[in-house]
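Going down the list, the protein sequences come from chains R, H and E.
If you read the first sequence in the numbering used here, its first letter stands for residue 83, the second for the next number, and so on.
If you read the second sequence in the numbering used here, its first letter stands for residue 83, the second for the next number, and so on.
If you read the third sequence in the numbering used here, its first letter stands for residue 83, the second for the next number, and so on.
I should point out that these hints are in silico values taken from the structure, not numbers from a laboratory.
Warning: the hint list may mix true and false statements.
Note that identical chains are pooled: a pair holds if it fits in a single copy or bridges any two copies.
Capping the alpha-carbon separation at 30 Å, the derived lysine-lysine pairs in BS3-like fashion look like this [said to hold, decoys possible]:
1. Lys123 to Lys143
2. Lys96 to Lys233
3. Lys96 to Lys108
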Amino acid sequence: MADEGLNFANPLFKQFAFYGGVVLAKTMTMSILTSINRIRKSVFANPEDCAIGKAMNRDVKPTLTDPTVERIRRCHLNDLENVVTFVLVGLLYVSSGPDPSTAVTYFRIFTGCRLLHTVAYLGQVPQPSRALMFGGGLTVAMLMAVDVIRKASF
Amino acid sequence: MADEGLNFANPLFKQFAFYGGVVLAKTMTMSILTSINRIRKSVFANPEDCAIGKAMNRDVKPTLTDPTVERIRRCHLNDLENVVTFVLVGLLYVSSGPDPSTAVTYFRIFTGCRLLHTVAYLGQVPQPSRALMFGGGLTVAMLMAVDVIRKASF
Amino acid sequence: MADEGLNFANPLFKQFAFYGGVVLAKTMTMSILTSINRIRKSVFANPEDCAIGKAMNRDVKPTLTDPTVERIRRCHLNDLENVVTFVLVGLLYVSSGPDPSTAVTYFRIFTGCRLLHTVAYLGQVPQPSRALMFGGGLTVAMLMAVDVIRKASF
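Model the full structure from these sequences, guided by the hints.
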């Protein structure tokens, strides 16, 4: 119980920062993918954005239904729902003094599941691959949340 | 001012971890509710997901307008907008050394409001019940944010 | 390396709390803007909410396509995608012991970009103003995430 603080002197927090950094950076890259595909396909949500398409001599009007862009956005929203809650629960979990090897196993499973979830979503890999990756990540985050609630109840 | 760190040795942080864990776990359960209802009603957002419905001998195509699923998703997005910002503001707020009894009152009001907000949303309870629960939670989170900004300004 | 903890005794954390508090409060105000415009224009997403419009003697039915409300909601979702990830990455980044003047510069650029992003979005300012503010904020958050991953790898 010597070092449970949220700082890099705590080896468990440092490992959490690594995996948390990876999944957050992955989430942010969805924004970049959306931007690239909006410009490449001239698919914009706002009237004023269509000027970008017009500068490329394309005839564009606001559209919210392009399959490629909407798929990336659904993947991004799924990341917000799962990655953000994982990092928040993880901060509380690391402070609760968990067993370090269990904790690192959780972080690795979650990170692996979310990276493969994105591959399955964007690559349109047949189900149930994406469902399993989604379920794996969610299960880990839920186990961590239950552990936090249990430890914080006493 | 002895114990303001983000660790379980700080009694206020421990209480914050409890309420934060509860509202985050509640937010995650929305994912599970969405999945259950997508499968139960064969309502899928992606073409590759329809294989799940076809395996149950149902004729399905991607649909984004099922009222039950969309209601759960709106409730989930509302949680992301409110619960996630509350937990983030709460981490900054706990570190700012607030009055513990005020802080715990805030956490309890927020948690109560958000649990009842979900009941009102999914149960389609007549307004203004949901609006009041939404406003109560948002007011508490805003008061905490203003307190953080004020204390961090000096 | 004396004071890298997540508490107000750490001057860098205190500055992070200020900028984090500002962008989180800004994000929350999007909820208030949505509510005001839903009531002002009688644009509601749920059947039970229409009672609010009916109490004002207006004939309303659920609608998900009002341009004003949807613009505010897109701006809000963009905040969730960017502000929430920034604050999460920022907590990890502050704990990693960064150069304080670089760190504060990052926080200021991000906060400035996101405030101007909202002005550009709601004011329908011609592009590429909003795109540049979006890109500036995302670049800063990505640089912080890469720094966290790099430092946590050793």
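### Message
For each hint given before, does the structure comply? Return the numbers of the non-compliant ones in rising order.
### Response
Nothing - there is no hint that the structure violates, so all of them hold.
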